[in-house]
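Participant: These protein sequence lines map, in sequence, to chains A and B. Heads up: the first sequence is residues -10 to 207, going by this note's numbering. Heads up: the second sequence is residues 2 to 123, going by this note's numbering.
No lab work stands behind these hints: they were computed from the structure. Don't be surprised by glycine CBs; every beta carbon is placed ideally from N, CA and C. Warning: the hint list may mix true and false statements.
Distance condition first, Cα-Cα at most 25 Å in a straight line; then the derived BS3-like pairs of lysine-lysine [claimed, not checked]:
1. Lys45/B <-> Lys132/A
2. Lys121/A <-> Lys195/A
3. Lys131/A <-> Lys147/A
4. Lys39/A <-> Lys110/B
5. Lys48/A <-> Lys22/A
6. Lys45/B <-> Lys127/A
7. Lys89/B <-> Lys133/A
8. Lys132/A <-> Lys89/B
9. Lys77/B <-> Lys183/A
10. Lys110/B <-> Lys125/A
11. Lys193/A <-> Lys89/B
12. Lys114/B <-> Lys193/A
13. Lys114/B <-> Lys89/B
14. Lys77/B <-> Lys98/B
15. Lys37/A <-> Lys22/A
For each label pair, taking beta carbons as the anchor points, the in silico distance ranges come out as [as the list claims (entries may be wrong)]:
16. Asp82/B <-> Thr10/A: 47 to 53 Å
17. Asp73/B <-> His30/A: 37 to 43 Å
18. Lys98/B <-> Asp96/A: 51 to 57 Å
19. Asn78/B <-> Thr40/A: 23 to 29 Å
20. Leu128/A <-> Asp58/B: 19 to 25 Å
21. Gln72/A <-> Thr57/B: 38 to 44 Å
22. Lys133/A <-> Asn33/B: 51 to 57 Å
23. Asp73/B <-> Thr162/A: 43 to 49 Å
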Amino acid sequence: MRKLLFGSALLPLLWLMSGQTWADAAGGAEIFKTKDCNGCHYTEGPAKEKTIEDQLAKKGPELWYAGSKFQAQWLDAWLQDPQIIRLLEYNSLDQPNPGGHAKLAADEAAQVAAFLMTLTSDVVVAGKVKPKSNPKGKLIFKKKMPCSGCHQYEDRGKILGGKSGPSLVGAGTRLNPDWILAYLKNPAEFKPVKMMPVFAGLMKEKDMEKVAAHVATF
Amino acid sequence: MLKRIVLLILFSTVNLLGAGVVSAADGDQLYNFYCAQCHGQGGKGDGPNVTQDFATDPRNFTNADEMQKLSDADIKNVVLDGGPAVSKSALMPPWSKTISEADVVEITKTLRKFCNCEGPTG
Chain A
-10 MRKLLFGSAL LPLLWLMSGQ TWADAAGGAE IFKTKDCNGC HYTEGPAKEK
40 TIEDQLAKKG PELWYAGSKF QAQWLDAWLQ DPQIIRLLEY NSLDQPNPGG
90 HAKLAADEAA QVAAFLMTLT SDVVVAGKVK PKSNPKGKLI FKKKMPCSGC
140 HQYEDRGKIL GGKSGPSLVG AGTRLNPDWI LAYLKNPAEF KPVKMMPVFA
190 GLMKEKDMEK VAAHVATF
Chain B
2 MLKRIVLLIL FSTVNLLGAG VVSAADGDQL YNFYCAQCHG QGGKGDGPNV
52 TQDFATDPRN FTNADEMQKL SDADIKNVVL DGGPAVSKSA LMPPWSKTIS
102 EADVVEITKT LRKFCNCEGP TG
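With the hints as constraints, model all of the structure from the sequences given.
Facilitator: Here's what the structure looks like:
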């Protein structure tokens, strides 16, 4: 519950600076409930999944750390005009994602985005990663580790990569660079049961930072 | 003292039962969750990630001739340490921090069902 409220003491200040208000977030929480968004997305951390069955029972991604994962502007825009991020239907390996996520009007999207931005995880450390194309991060992403096998990405105007993971095309505007690093370092915090391998303990933290910085330029 | 020994034996037995009882279906479930995304749900190396630009051909587990050359230890090695550990593609991830050795044993049983082979003996 503590995390459902305001995980970061800095967040209210950031809100005021961005023109959003507590009322927006409260309204967004109400819209989220009224539209039954909880039917597919849970918003109270910590992560609940303990088994593969738990993961497969989910209808959509958990959102209890959405405020740490996403960028506010992207969330607002996406809620008004949802685009496919996962090429395959959630938890499926053979069904294409049919799309059709609920679309919100601009005022509702702003409120729901404000609500989702209040949902944060304490393990995401702000200011650790700056988006930066770098040879080491690129080499690890494309050659040394299997990232490109499961995630789409854009390379010199061409879309490459696999389909089972969320597409990373446009990740630079969608994801918080600090969350990318936190996810690589502490995946169990966010997704204890997932199809993506755990790289923590296999990669140096510096290399994870390079990969996160590289992905944040997509 | 005797009571302590009895309790210890009881505790160990319960632990062994709890840790060791894994149904054959678990291997299939583990395979479908972790491996099928590249190797395909039927084990033919044709998972949804194998697009035109996928840089290697994931192993076809139904190819009995090739699978027969691999021991269970070989399979465990490549699952835990990834393709580069056996001079294969880095697109085969190292799963050692994700999948337990006990679960790799179950996955291997599923792979053996695909090839209907046991691997080298002796």
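Participant: Please go over all the hints and tell whether each is borne out by the structure.
Facilitator: Verification of the supplied hints:
1. Of the supplied pair hints, the one linking lysine 45/B and lysine 132/A holds, its CA atoms being roughly 24 Å apart against a limit of 25 Å.
2. For the proposed pair lysine 121/A and lysine 195/A, the alpha carbon gap of about 14 Å is at most 25 Å, so the pair holds.
3. This hinted pair checks out: lysine 131/A and lysine 147/A have alpha carbons roughly 14 Å apart, not beyond 25 Å.
4. For the proposed pair lysine 39/A and lysine 110/B, the alpha carbon gap of about 23 Å is at most 25 Å, so the pair holds.
5. Distance restraint check for lysine 48/A and lysine 22/A: the Cα-Cα separation of roughly 16 Å lies within the 25 Å cut-off, and the hinted pair is therefore satisfied.
6. Restraint check: the Cα-Cα separation between lysine 45/B and lysine 127/A comes to about 30 Å, which exceeds 25 Å; the hinted pair is violated.
7. Distance hint between lysine 89/B and lysine 133/A is fulfilled; the C-alpha atoms sit about 12 Å from each other, no more than 25 Å.
8. At most 25 Å may separate the alpha-carbon atoms for a hinted pair to count; lysine 132/A and lysine 89/B meet this at roughly 12 Å.
9. Between the alpha carbons of lysine 77/B and lysine 183/A the distance comes to roughly 20 Å, so the proposed pair stays at or under 25 Å and holds.
10. Of the pairs offered as hints, the one joining lysine 110/B and lysine 125/A is violated, with about 38 Å between alpha carbons and a cut-off of 25 Å exceeded.
11. A C-alpha spacing of about 22 Å is found between lysine 193/A and lysine 89/B, which places the hinted pair at or below 25 Å, so the restraint holds.
12. About 37 Å separates the Cα atoms of lysine 114/B and lysine 193/A, which puts this hinted pair outside 25 Å; it is violated.
13. With a C-alpha separation of about 23 Å, the suggested pairing of lysine 114/B with lysine 89/B holds against the 25 Å cut-off.
14. About 13 Å separates the Cα atoms of lysine 77/B and lysine 98/B, which keeps this hinted pair within 25 Å; it holds.
15. A distance of roughly 19 Å separates the Cα atoms of lysine 37/A and lysine 22/A; the hinted pair therefore holds under the 25 Å criterion.
16. The beta-carbon spacing between aspartate 82/B and threonine 10/A, approximately 52 Å, falls within the hinted interval of 47 to 53 Å.
17. Separated by about 41 Å at the C-beta atoms, aspartate 73/B and histidine 30/A satisfy the suggested range of 37 to 43 Å.
18. Between lysine 98/B and aspartate 96/A, the C-beta spacing of about 45 Å breaks the proposed range 51 to 57 Å.
19. At about 26 Å, the CB distance of asparagine 78/B to threonine 40/A agrees with the hint of 23 to 29 Å.
20. A beta carbon spacing of about 23 Å between leucine 128/A and aspartate 58/B agrees with the range 19 to 25 Å that was offered as a hint.
21. A hinted range of 38 to 44 Å is violated for the C-beta pair glutamine 72/A and threonine 57/B, which are about 30 Å apart.
22. Separation of lysine 133/A from asparagine 33/B is about 27 Å and departs from the stated range, judged on CB atoms against 51 to 57 Å.
23. For aspartate 73/B and threonine 162/A, the hinted distance range of 43 to 49 Å is satisfied, since their beta carbons lie about 46 Å from each other.
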